[in-house]
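Visitor: Working from the sequences, and respecting the hints, build out all of it.
Counting from 1, one number per residue, gives the positions in the sequence shown under the numbering used here.
Keep in mind the hints are simulated off the structure, nothing from the lab. Take these hints with a grain of salt, some might be off.
The list that follows gives simulated cross-link-like pairs (lysine to any residue, SDA-like), each with its CA atoms no further than 25 Å apart [to be verified]: (1) LYS77 to GLN4; (2) LYS107 to VAL29; (3) LYS107 to PRO120; (4) LYS107 to MET58; (5) LYS77 to LEU137; (6) LYS77 to VAL29; (7) LYS77 to PHE24; (8) LYS77 to VAL21; (9) LYS107 to ARG2; (10) LYS107 to GLN4; (11) LYS107 to LEU95; (12) LYS77 to LEU95; (13) LYS77 to LEU96.
FRET-style restraints, in silico, Cβ to Cβ [what the hints assert, rightly or not]: (14) ILE30 to TYR103: 17 to 23 Å; (15) VAL79 to TYR8: 42 to 48 Å; (16) GLN4 to GLY143: 53 to 59 Å.
Note that the structure is a prediction, hence the values are computed from the model and not measured. We put the beta carbon where it would ideally sit given N, CA and C, even for glycine.
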Amino acid sequence: MRFQDVLYDVARSAIVQRPEVHGFGGVEVIDQGRIAEVVEQSNNALRMLHVHGLGLGMLILLVSIAIVNLPLPERLKRVLCVLVSLGALYPPGWLLLGMMIPYWGVKALRGPVEFGLFAPFGGAAIVGIWGTLIVYLIALFRGVPTEVKGHERERS
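Guide: What follows is the structure in structure tokens.
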């Protein structure tokens with residue numbers, strides 16, 4: 001919260017210096033509403049960074065813990081953990097948007113950020129989570145013994 005005013009001022013000055021990027025008339029008094037709207041878009045992107053960073057961090061931690069405790073081959077565990085962990089590269093897209101909206105505008109950034117960060121890394125996390133669920137359900141219905149039961153059999 002203490003940096004919010006500084007970030008607002010930096011974004012606003014960058015936006016005012018680039019009226020052609022944001023489709024302004026070039027007269028600051030007339031464009032006040034649109035300037036505030038673009039600054040708010042930048043601020044919202046930084047908030048989304050915070051929200052997605054916290055949420056995905058917890059999700060990655062919990063799903064990774066679940067994966068390593070499943071009765072699966074180590075290689076499959078590793079692949080699923082890597083897929084889920086790639087989701088950590090999703091939130092920096094919001095940071096990039098928040099920092100670059102004042103300079104390049106939302107329209108210019110939407111495609112590269114969506115297809116460069118959001119889709120591949122968010123998609124990898126989703127594939128990893130669904131893959132974990134599917135593999136777990138298959139193991140559950142096939143009755144695959146857990147590693148603990150396997151060790152108990154060896155001792156007998």
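Visitor: In ascending order, which of the hints set out earlier in this document are inconsistent with the structure?
Guide: Hints 1, 4, 6, 7, 8, 9, 12 and 13 are the ones this structure does not satisfy, whereas the remaining hints hold.
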